[in-house]
Amino acid sequence: MVNTADNLYNSNLTLGSYSSGKENLPPKRLVRPSKYQCSPFDNDLRGPLTPSEKQLHSNIVALGKIEPDRRAVLVDKTSLSLGQLGNSFDTNGHVEAYVFNVFYRLLFRDNHPRQSKKHYFFT
Numbered sequence: 016m017v018n019t020a021d022n023l024y025n026s027n028l029t030l031g032s033y034s035s036g037k038e039n040l041p042p043k044r045l046v047r048p049s050k051y052q053c054s055p056f057d058n059d060l061r062g063p064l065t066p067s068e069k070q071l072h073s074n075i076v077a078l079g080k081i082e083p084d085r086r087a088v089l090v091d092k093t094s095l096s097l098g099q100l101g102n103s104f105d106t107n108g109h110v111e112a113y114v115f116n117v118f119y120r121l122l123f124r125d126n127h128p129r130q131s132k133k134h135y136f137f138t
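Residue 16 is where the sequence shown starts when you use the numbering used here, and the numbers rise one by one after that.
A couple of the hints might just be wrong.
As the list claims (entries may be wrong) - Heads up, simulated DMTMM-like pairs for lysine to aspartate or glutamate below, C-alpha to C-alpha not over 20 Å straight-line:
no. : residue 1 : residue 2
1   : Lys-92    : Glu-111
2   : Lys-69    : Asp-105
3   : Lys-80    : Glu-68
4   : Lys-80    : Asp-105
5   : Lys-80    : Glu-111
6   : Lys-92    : Asp-125
The hints are simulated quantities; they were obtained by calculation from the structure and are not laboratory data.
With these hints in hand, go ahead and build the complete structure from the sequences.
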């Protein structure tokens, strides 16, 4: 009877392994995987782009190529031309630091850090 009990008990446990004495459990089913286990190209949280948003994007890129020297944004003493804005929106473009500076100035103007409790640092 003791041998039968040992055989039944040892059928669920792995002896002589790293996890000896522990019952083997199946892997857990992921209900929602973490952001590290997902592809960075599958972002369903943003939602679909509307045709007007796609058209606006292509218009900004086209205006940046046609009139690159024309001033598009002037916030306080920070300015941004259409060429710089179009280059930052382009798929092969590069976003420069001064584009971020204009964006941060606009955030600063809309909601002062005393009210929003968020502080933006300018370079």
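Against the structure, the hints:
A hinted pair counts as satisfied when its Cα atoms are at most 20 Å apart, and Lys-92 with Glu-111 qualifies at roughly 17 Å. Between Lys-69 and Asp-105, the direct Cα distance comes to roughly 12 Å. Compliance with the 20 Å bound is thereby established for this hinted pair. Pair hint Lys-80 plus Glu-68 holds up; C-alpha atoms about 19 Å apart against a cutoff of 20 Å. A C-alpha spacing of about 10 Å is found between Lys-80 and Asp-105, which places the hinted pair at or below 20 Å, so the restraint holds.
Between the alpha carbons of Lys-80 and Glu-111 the distance comes to roughly 17 Å, so the proposed pair stays at or under 20 Å and holds. As the CA atoms of Lys-92 and Asp-125 are separated by approximately 16 Å, the hinted pair is consistent with the 20 Å bound.
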